[in-house]
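Undergrad: Okay, here's what each chain looks like letter by letter:
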Amino acid sequence: NAGVTQTPKFQVLKTGQSMTLQCAQDMNHNSMYWYRQDPGMGLRLIYYSASEGTTDKGEVPNGYNVSRLNKREFSLRLESAAPSQTSVYFCASGKTSLETQYFGPGTRLLVL
Amino acid sequence: AQSVTQPDIHITVSEGASLELRCNYSYGATPYLFWYVQSPGQGLQLLLKYFSGDTLVQGIKGFEAEFKRSQSSFNLRKPSVHWSDAAEYFCAVAPYTGTASKLTFGTGTRLQVTL
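Listed in order, the protein sequences are those of chains V and D. Its first residue numbered 970, the first sequence is counted upward by one per residue in the numbering used here. Its first residue numbered 1373, the second sequence is counted upward by one per residue in the numbering used here.
Among the hints, erroneous ones may be present.
Claimed, not checked - Calculated pairs, BS3-like style, for lysine-lysine (alpha carbon to alpha carbon, straight line, at most 25 Å):
| no. | chain 1 | residue 1 | chain 2 | residue 2 |
| --- | --- | --- | --- | --- |
| 1 | D | Lys1474 | V | Lys1040 |
| 2 | V | Lys1064 | D | Lys1433 |
| 3 | V | Lys1040 | V | Lys978 |
Hints were generated in silico from the structure; no laboratory data involved.
Could you put together the complete structure from these sequences and hints?
TA: Structural data, given as structure tokens:
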């Protein structure tokens, strides 16, 4: 039981490049979330998916897209990376929208 | 919209001393409240949560928190801190919407433990 896994762990991009951050959970959870963490700002919700087939914007969605591929997987895509997207990205999942969220180990992204 | 304030950016305590981390929230109705801990280079782990009922909530690792509606606070406490408690602590609030709850996090309090 791996919980929530994220790939890659680290990534360096040049401005304008695209990439997809992968997240998978093996806990049969319905809800999945993407956050970014920046120094002095805590975690901010980018997008979430209440259940398979649905996605909604969070607090800071601009510059990102998501795909809930199936119940297990929720990916985050940066179409044209910008230095302002340098951050640590966390994926989380929860049994339902009101249940505890379990976090992955994070992806550290640097955009030059 | 809800918000969370953690007024202490950094706290240092001696091992064995008591600990209280402050959290104040702003929300129009009764919120759902959480405390998470993040060790260096790691994801977040839930310490405890408050949904309803008893306002004193027990969590893992010997932590507890008390919900005080009149003060809009949800402070985290531990009677005797261990060196392994050094980490960053986040308070979070979520409204009950019936659908996906959107957690709003505070900016965190970094705890340093001296031996």
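Undergrad: Could you run down the list of hints and mark each one as holding or not?
TA: Tested hints:
1. Of the pairs offered as hints, the one joining D/Lys1474 and V/Lys1040 holds, with about 19 Å between alpha carbons and a cut-off of 25 Å not exceeded.
2. About 23 Å separates the Cα atoms of V/Lys1064 and D/Lys1433, which keeps this hinted pair within 25 Å; it holds.
3. A distance of roughly 22 Å separates the Cα atoms of V/Lys1040 and V/Lys978; the hinted pair therefore holds under the 25 Å criterion.
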